[in-house]
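Asker: Protein chains in written order, with the numbering used here: chain A, -3 to 379; chain B, 55 to 351.
Honestly, the hints are just simulated from the structure, not real lab data. Cβ coordinates follow ideal geometry from the N, Cα and C atoms, glycine included. Mixed in with the good hints there might be a few duds.
[Claimed, not checked] Pair ranges (Cβ atoms, derived):
id : chain 1 : residue 1 : chain 2 : residue 2 : range
1  : A       : 146       : B       : 292       : 31 to 39 Å
2  : A       : 293       : B       : 334       : 35 to 43 Å
3  : B       : 289       : A       : 237       : 34 to 42 Å
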Amino acid sequence: MAAQLGSLSLVERDDPGASIIEVMVGFARTLRHAGVPASQERLQAMIAALAHLDVTLAADAYWAGRVTLCSDPEDLERYDMAFALYFGAQRATEGRRIPPPSVARAAPFEPAGGDPHDERTSEQPKFAAQASRHELLRHKDVSALNPAERAQLKRLFALLAPRVSARRSHRYRSASRGRVDLAQSVRRLLRAGGEPSQLARRRRRTKPRRLVLLMDVSGSMTPYAEALLRFAHAATRAAPARTESFTLGTRLTRVTRELRLRDPDRALAAAARAVPDWSGGTRLGDTLKAFSDRWGQRGLARGAVVVLCSDGWERGDPTELGEQVRRLARLAHAVVWVNPHKGKDGFAPATGGMVAALPHIDSLVAGHSFAALEELVQVIADA
Amino acid sequence: MHPVKPELSDPTALAAALGDAGYLADIGLATAAYLGMKMHRPIFLEGDAGVGKTSLAQALADVTGTRLIRLQCYEGIDATQALYDWDFPRQVLHLRAAEAVGVTGTDAGRALEESLYDRRFLISRPILQALEEPGAVLLIDEIDRADDEFEAFLLEVLADNAVTIPEIGTIRAESPPLVVLTSNRTREVHDALKRRCLYHWVAHPEFEREVEILRRRLPEASEQLITEVATAVRRMREADLLKPPGVAESIDWTHALHLLGARTLDRERAAATLGAVLKYQEDSVRIRDTVLAELAG
Ligand SMILES: Nc1ncnc2c1ncn2[C@@H]1O[C@H](COP(=O)(O)OP(=O)(O)OP(=O)(O)O)[C@@H](O)[C@H]1O
Ligand SMILES: [Mg+2]
Chain A
-3 MAAQLGSLSL VERDDPGASI IEVMVGFART LRHAGVPASQ ERLQAMIAAL
47 AHLDVTLAAD AYWAGRVTLC SDPEDLERYD MAFALYFGAQ RATEGRRIPP
97 PSVARAAPFE PAGGDPHDER TSEQPKFAAQ ASRHELLRHK DVSALNPAER
147 AQLKRLFALL APRVSARRSH RYRSASRGRV DLAQSVRRLL RAGGEPSQLA
197 RRRRRTKPRR LVLLMDVSGS MTPYAEALLR FAHAATRAAP ARTESFTLGT
247 RLTRVTRELR LRDPDRALAA AARAVPDWSG GTRLGDTLKA FSDRWGQRGL
297 ARGAVVVLCS DGWERGDPTE LGEQVRRLAR LAHAVVWVNP HKGKDGFAPA
347 TGGMVAALPH IDSLVAGHSF AALEELVQVI ADA
Chain B
55 MHPVKPELSD PTALAAALGD AGYLADIGLA TAAYLGMKMH RPIFLEGDAG
105 VGKTSLAQAL ADVTGTRLIR LQCYEGIDAT QALYDWDFPR QVLHLRAAEA
155 VGVTGTDAGR ALEESLYDRR FLISRPILQA LEEPGAVLLI DEIDRADDEF
205 EAFLLEVLAD NAVTIPEIGT IRAESPPLVV LTSNRTREVH DALKRRCLYH
255 WVAHPEFERE VEILRRRLPE ASEQLITEVA TAVRRMREAD LLKPPGVAES
305 IDWTHALHLL GARTLDRERA AATLGAVLKY QEDSVRIRDT VLAELAG
């Protein structure tokens, strides 16, 4: 086990408690991406709580996290799911009325696990070891995962809830309070024959932005395609009406409808069937143009947060790609480029396509590992 | 009262002490309460009606050998009911008495005015009482019934463990009270308040624990009646009722059945006493056709 843990080697530390706290902090981060508002302040409270308990016990860690990070019954479901997935331990549900989601009942990372209450009796390194294995998996490049790891990671995607935060639209709607709408008031005044009537008021309307995901599925991106599609599925589940997904290769395919299937595996299979050009070549510039012509220009990308996932390997003309990204950037509220190679040592955006696109994008993020995709959730939320 | 304060070294020890005081807490609730004591943070309890939120506070006071100070919230509650008020009739009496002996002159006048706001005319309401009584347990019950403004006010007091009375000065708790807040979720409580607290959702007890609670509360009831009631109540909670029965209801039901001489749960007596456990006509109709229909006649 120790050899397997390699550089992380959390369980080999002298103080197993310190490593658990580290892991719990990572766990809180995951929880935040899963939609539980586990703020920095709450994180501090969790660490303070752990100091009063026996952190090497799963039950103590579970409760310290739960009473400090959650604040609503709705959080609990996500918390339980995250905890089960993260630590391979489950809690007895104790007659809660909301049944835990079926994912939580799926086999945890380790076949052992069970109820953390029982773990007071079992040896403590197991809990720490599972937690550190999890951390390792979270940071591992998804292209290097073995089938077992891939299966484990699959379940973690159920925790992601990528969503764009609500925007303040420039349109106003009528309201009984808020700023006085002069034009409307004058109209009313005239209609009333010059008699002053009620002032019309208006308020800014908050309208959520759309999230558009454009995923390169050409040969060089094949190792990342599954993870990216799972990410897209999580986003679709979080906001079905406001998420649009497309694959880019030698041609453009819209997979929005396929990804709306609830079950992630079925959704991915359906998307895979819909895409005719898996692992083929790339003509990024051309397919982006096709996107803007057919969809983007007509409103789909207007004011949206557009996430383009590609390594930037371009068979076609890089200047065309640059031009198309510029066009997209003009339509969209923000363009985020996800390049899995950014997570690798010594990365510089040297491919011709990337260089041409760089001046027009708002942020460049990695996306090669689950942890990197969690960061992407944050970038999307902040866009 | 418990004169000897047990050594509460961890959540399990606290759960055991609560058990001795007649309250059977699961490890989650015991951990929340334990952390509340250790971290000096309020405990925020939410859960269905009758799951034991209020009685936990009493049990905590018993265990720590202190007094329970309770503030029941309601719509329109404000600082004069929660914190302090001036005893106006007594102030008036004091003023009259001073006038009768003939207080004159500006200095004497000012002194008189000051004496009107003497500590003895101050009426301490629950929060002030709790700040002044070392280690008290302060129960702020059903906070969801109070208004937003009251929440904001509460937030301030809880943050400082102190109150400032303009005429007297700041009163700070020597050792802050253990605060238990409860909510029935009739309204969303503001996150600013929740953030200061340890949050715990109080679930209905699992079967074994409920049986144990019933045994303790009604030692005279038959064992079979108790397990059958606990089973039936558990099924009712799964039935998505308007008001799922809490522990309070299962205690009442068992009690009613016992008074009718029941040693087991039979359909006829269950139907006759259903009002003890279900509070809505719609719920009763549904349960009569499902859970009760399956009971032995
Ligand atoms: N864990 C427990 N151990 C012992 N008695 C319990 C327990 N839980 C509940 N009870 C009993 O159930 C009854 C109801 O409890 P309580 O009034 O505390 O519930 P509550 O959650 O505050 O309800 P409400 O929301 O209606 O105020 C009380 O008589 C209490 O003694
Ligand atoms: Mg109560």
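Asker: Given the hint of 34 to 42 Å, check if residue 289 of chain B and residue 237 of chain A actually sit that far apart at their C-beta atoms.
Answerer: holds, 38 Å
Asker: Taking the CB of residue 146 of chain A and the CB of residue 292 of chain B, does the distance hold inside 31 to 39 Å?
Answerer: holds, 37 Å
Asker: For residue 293 of chain A and residue 334 of chain B, compare the CB-CB distance with the range 35 to 43 Å and indicate the outcome.
Answerer: violated, 56 Å
Figure legend: structure checked against the earlier numbered hints; the only hint not met is number 2.
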